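Sequence order for the protein chains is A and B. Final position of the first sequence in this note's numbering is 293; the numbers increase by one with none missing. Final position of the second sequence in this note's numbering is 1359; the numbers increase by one with none missing.
You may find that some hints are simply not true.
Said to hold, decoys possible - A partial selection of chain A residues facing chain B, derived with a Cβ cut-off under 8 Å:
hint, residue
1, PRO184
2, SER186
3, VAL187
4, GLU189
5, ALA190
6, ALA192
7, ILE193
8, ASP194
9, GLY195
10, ALA196
11, ARG200
12, ILE205
13, PRO208
14, LEU209
As the list claims (entries may be wrong) - Each pair of labels, with its calculated beta carbon distance range:
hint, chain 1, residue 1, chain 2, residue 2, range
15, B, GLN1134, A, ALA15, 39 to 45 Å
16, B, ALA1167, A, ALA178, 34 to 40 Å
17, B, LYS1021, A, MET143, 57 to 63 Å
18, A, GLY197, B, GLY1224, 47 to 53 Å
Bear in mind the hints are in silico, worked out from the structure with no lab data behind them. Here the structure is a predicted model, which is why all the values come from computation and not from measurement. All C-beta atoms, glycine included, are put in the ideal place defined by N, C-alpha and C.
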Amino acid sequence: MEKSAIFGNKALPYALLVPQLVITLVFFYWPASQAVWQSFLREDAFGLNSEFVGLENYQALFAQPEYYKSMLTTLVFSSLVAALSLSIALLFATQADKNIKAAPVFKVMMIWPYAVAPAVAGVLWLFMFHPTLGTLARPMRVMGMNWNPLLNGNHAMALIVMAAVWKQIAYNFLFFLAGLQSIPRSVLEAGAIDGAGPLRRFWTITFPLLSPTTFFLLVVNVVYVFFDTFGIIDAVTGGGPAGSTTTMVYKVYADGRLGGDLGGSAAQSVVLMVIVIALTAIQFRYVERKVQY
Amino acid sequence: MASVTLRDIRKTYPGGFDAIKGIGFDIPDGQFCVLVGPSGCGKSTLLRMVAGLETVTSGEVDIGGRVVNHVEPADRDIAMVFQNYALYPHMTVYNNMAYGLRNRGMPKDEIDSRVREAAKTLELATMLDRKPRQLSGGQRQRVAMGRAIVRQPKVFLFDEPLSNLDAKLRVAMRVEIRKLQRRLKTTSIYVTHDQLEAMTLADILVVMNGGVVEQIGSPLDIYGKPRTTFVASFIGAPPMNLIRLRDDALSAIAAGTGAGILGVRPEDLVLADAAPEGGIALDLTVETIERVGAETYLYGSRTGREATVSSTPGELPEGEMIVRIPGLEAPTIGTQIRAVAPRDKLHLFSADGRTRIES
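Isolated chain B, as found in the complex:
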């Protein structure tokens, strides 16, 4: 058990590329921290620096009160689960799990009891004699987990561990990982590009982009009060509608705040005839309808305008907006609808999208 502290971490590759441009935050003991961001944002690099697989250009990695910048991966008391599982293909499941313990000279019977206990937890007890190639993707994933937990390390590191699994298994494993971490209370750092995984797993969510932290906080805080338009559209699916304020009825909402962009989540828009007191009303032409079962997404463009703001992740085409409505009843394509949202569901951002404006 240990806390992890990162202090102004930077990483510059020999070619001069700045992968990490100064990141610092704390993960208290036993917390589950998720690093989320688009590909190339530096989240895996950051994790690998904590693991000791990448050198730290400057700054300090602190695990349990000890600066480990120059400590070998083996001596950091961490365990890592890799994206491709990185199981030893020539060893049985048992030996895959026992390898790290043997390397540390643990007595045979203790290795045996630890491996068998982990195998029981992970439902691998009947597969201990198999080689990784005889296992399914989900089973391999569990062996990789087992290899991490038998070590009883201070910190678990997960590098997109579920991205090679099919969608159903991914959801099941996500729940398993959360349960396991709650039970073991081991500090964990988990890297993913899947915002749903991030939202459901994290105690602490770190949203990264281009080598910097965009926002850090609890998942619900980030969802409720995204600090930049990047976070607003990255966290939440479908992404938040972002509208550039022009000189029209909408901009009255932001009068005097200096805001340049108005954000509203698809789930906060409802179909109604008139806007609530202080809220907004958007007139849309329905262009596409997506029915996912419990709810339906309407894709439409604002009548007579092209008005959304494009932002990198989950980008919507210019002028397109999404409205979520419950159930399967939807207006037909081409009809005019009016979607409204109350004042407290609106998000305001500066014109460059880099700051949130509270009003």
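For reference, chain A alone in the conformation it holds in the complex:
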């Protein structure tokens, strides 16, 4: 569908675009190009001088075993968060879709976590699961679980995954519920008459018809886990223990802000940017084809 508006004044359409373009330029292209430029520089320890070093920052980066480790961590973290938050949200949405009477209450309750700042969400979960202070960690220890996210890397990962999933379910839930409600009831009734049980109806009718929503959420969720989970990680684990929860975006911060290696950090953020752009492009290129519109 192509919609075109006819403007009498040639300048007007451009004038209307200006605010959006200015925002994109100032808040995206300018910092992004700064990062690219910075990734070719090396600053001295006091940040007084910088010299052009070409690709040296990148060479140093790819020589670091920690960098590959952070890539792996990111892969584990992002696939866990995306898979869990999408599937749990879908489960909740199908339940809410059944009993539509309570849905408004349900929706409000579900959207709350989304309104909580990532760092606050992280702290909330840390309070619950902190090995010495945690309200839930105590009973877990009483039951004989050796729970310690401050020392055990897997426990730390589990904790940030839970916090990140918890926050993202709200968003996914709303979109899934809207998607479910746009499926005509008669199509599902036709499926029931055609002899498909509830589960088979879900997988052969509902799920394929939801695919535009699922695809959109997949793209949004991947961007979310790559960037927006920084606050949670910083508040809960600070990338530890022993770097086991240092994702790529956290490493950008840790190396640049804490380590003072601005050039190396800039190189990392360029790499991260390229990865996310590539991932999104792949999703549009391949996954979208399987989407049923």
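Add chain B to chain A, keeping to what the hints say.
Showing chain B alone in chain A's frame:
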């Protein structure tokens, strides 16, 4: 093949609304039953109860000698054609038709032969690989039909299947559906609000209003002897003229019968100078003329009176009457005409319109 029997069916919604207030009738094996009535009369609800998509509050739905009140829709051996077709938008035409067969674990080659045969019958053979969105309304309608017939069910259920089509296509599909049903001899229940569709399709016509059956019978019986004023004005287009009898020359017709309302169809009125023996004569002033080609409808009011009875469907404004005359020659607007009808074309009803009075 199966008969369908409804026994004192009632439906009360959780809010306390009585959608169906006790309906029972039989549809013998292979018959085409049409449920007709105005919007909200409960006809779709009744159909959905037969399909198993609505629960039955009380009463029994019996398909082929088996009470199916608590049987899942899938196990009732029925197929349904929905108003909006309810095709699976992500499946090809072929898969839309094959879906129900696959769910029942039918062997692949039998599915294939059934789908191809149905596609041939419905002229869909060249479209099997298309998705529903690439089809026209009429083609989608035929896919929905195909999905029903490949299953070879005991009963077809149609929920206003033609109401989304344009007028011409609707007539063509109506004929197709009738032909198909005659050939397959599958018991069918068809819901519509279009009295013309109802008249032309039905073996058994069920006229519903407000959750009850007003009349049940063959279309011509209902047209010929409507039992209430509701049926009289709902079946037949334009609707029957209904005149409240007052103390005048007309009421002599009904003397001694206790009738309060006189009905006469527009097509039974002719323009003449004098009433036939025992018949009636109405003096009208012509107000509007509708020429539809083969015939012309004159809308007029009885000179010096306001006399018709308003009844809900196809209601005429108080005092207005319709006369059908053949051809295009019509008196000019404002002239006085006299329309007459013989005694045997008159219908008499009680004053509340709920009973027909034979005399």
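Results for each hint:
{"no.": "1", "hint": "PRO184", "result": "holds, 7 Å"}
{"no.": "2", "hint": "SER186", "result": "holds, 4 Å"}
{"no.": "3", "hint": "VAL187", "result": "holds, 5 Å"}
{"no.": "4", "hint": "GLU189", "result": "holds, 5 Å"}
{"no.": "5", "hint": "ALA190", "result": "holds, 4 Å"}
{"no.": "6", "hint": "ALA192", "result": "holds, 5 Å"}
{"no.": "7", "hint": "ILE193", "result": "holds, 5 Å"}
{"no.": "8", "hint": "ASP194", "result": "holds, 3 Å"}
{"no.": "9", "hint": "GLY195", "result": "holds, 4 Å"}
{"no.": "10", "hint": "ALA196", "result": "holds, 5 Å"}
{"no.": "11", "hint": "ARG200", "result": "holds, 7 Å"}
{"no.": "12", "hint": "ILE205", "result": "holds, 6 Å"}
{"no.": "13", "hint": "PRO208", "result": "holds, 4 Å"}
{"no.": "14", "hint": "LEU209", "result": "holds, 6 Å"}
{"no.": "15", "hint": "GLN1134(B) - ALA15(A): 39 to 45 Å", "result": "holds, 41 Å"}
{"no.": "16", "hint": "ALA1167(B) - ALA178(A): 34 to 40 Å", "result": "holds, 36 Å"}
{"no.": "17", "hint": "LYS1021(B) - MET143(A): 57 to 63 Å", "result": "holds, 60 Å"}
{"no.": "18", "hint": "GLY197(A) - GLY1224(B): 47 to 53 Å", "result": "holds, 49 Å"}
Consistency note: the structure conflicts with none of the earlier hints.
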